[in-house]
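Peer 1: Construct all of the structure, not just a fragment, from the sequences and the given hints.
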Amino acid sequence: MSTEVYRQCASVVVFRSGANGTEILLLRKPRKNDAWQLPQGGVESGENTEQAALRELKEEAGITARLIGSSARIYQYEYPPSYRRFRPDHVKGQQIRFVFAEVEPDVQITVDGKEINDSIWVTEADLPRYIKRKEYREIIRSLIGEGNLLR
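Under my numbering, the first residue of the sequence shown carries the number 101, and numbering increases by one thereafter.
These are calculated hints, taken from the structure and not from any lab test.
Mixed in with the good hints, there may be bad ones.
Below, computed lysine-lysine pairings styled on DSS-like, alpha-carbon distance capped at 25 angstroms [what the hints assert, rightly or not]:
#1 214 - 129
#2 132 - 232
#3 234 - 129
#4 232 - 192
#5 158 - 129
#6 132 - 214
#7 214 - 158
#8 132 - 192
#9 234 - 132
#10 232 - 129
Peer 2: Okay, here's the thing in structure tokens:
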């Protein structure tokens, strides 16, 4: 039996100045639970976290952003058994690293309607309306604080 591993992922907290203060970008996946999340995806061979995060942002939201830093924080979780049944590989979960980026307030988000079906800019106060999983919401809150120090 092969050793189980975590899929390496990169995520980006995208900041902009909005009418109600600092806002971050959330994208919605077409699924029932945990649909809203930060832009993120797998790190491909030869990429570092920053490169992967910016590539995923371009693929998922159609935008480029100015990188302003990286976080030492890692969010790791295991896939539920019901999901693992459908994975023929030895990947047991994900390990997500985070970077911070900034865009102009008038940037236009374009989602593909398939992998990502919506986007929204939210303030930290809006997070509970979109991010239902408490652990993930608290990580995003912490990341917002960390990113604001870099801005």
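Peer 1: Now tell me, hint by hint, if it's right for this structure.
Peer 2: Going through the hints against the structure:
Proposed proximity of residue 214 and residue 129 is supported: the alpha carbons are some 8 angstroms apart, at most 25 angstroms. About 12 angstroms separates the Cα atoms of residue 132 and residue 232, which keeps this hinted pair within 25 angstroms; it holds. With a C-alpha separation of about 18 angstroms, the suggested pair residue 234 and residue 129 falls inside the 25 angstroms cut-off, and the hint holds. Distance check on the hinted pair: residue 232 and residue 192 sit about 23 angstroms apart at the alpha-carbon level, within 25 angstroms; holds.
Restraint check for residue 158 and residue 129: satisfied, since their Cα atoms lie roughly 16 angstroms apart, inside the 25 angstroms limit. At roughly 14 angstroms between alpha-carbon atoms, residue 132 and residue 214 fall within 25 angstroms of each other, so this suggested pair holds. Restraint check: the Cα-Cα separation between residue 214 and residue 158 comes to about 15 angstroms, which is no more than 25 angstroms; the hinted pair holds. The suggested pairing of residue 132 with residue 192 holds, with an alpha-carbon distance near 21 angstroms, which does not exceed 25 angstroms.
Between residue 234 and residue 132 the alpha-carbon distance is near 17 angstroms, which keeps this suggested pair within the 25 angstroms criterion. Simply put, residue 232 and residue 129 have alpha-carbon atoms about 14 angstroms apart, close enough for the 25 angstroms limit, and the pair holds.
Checked against the numbered hints above, the structure violates none of them.
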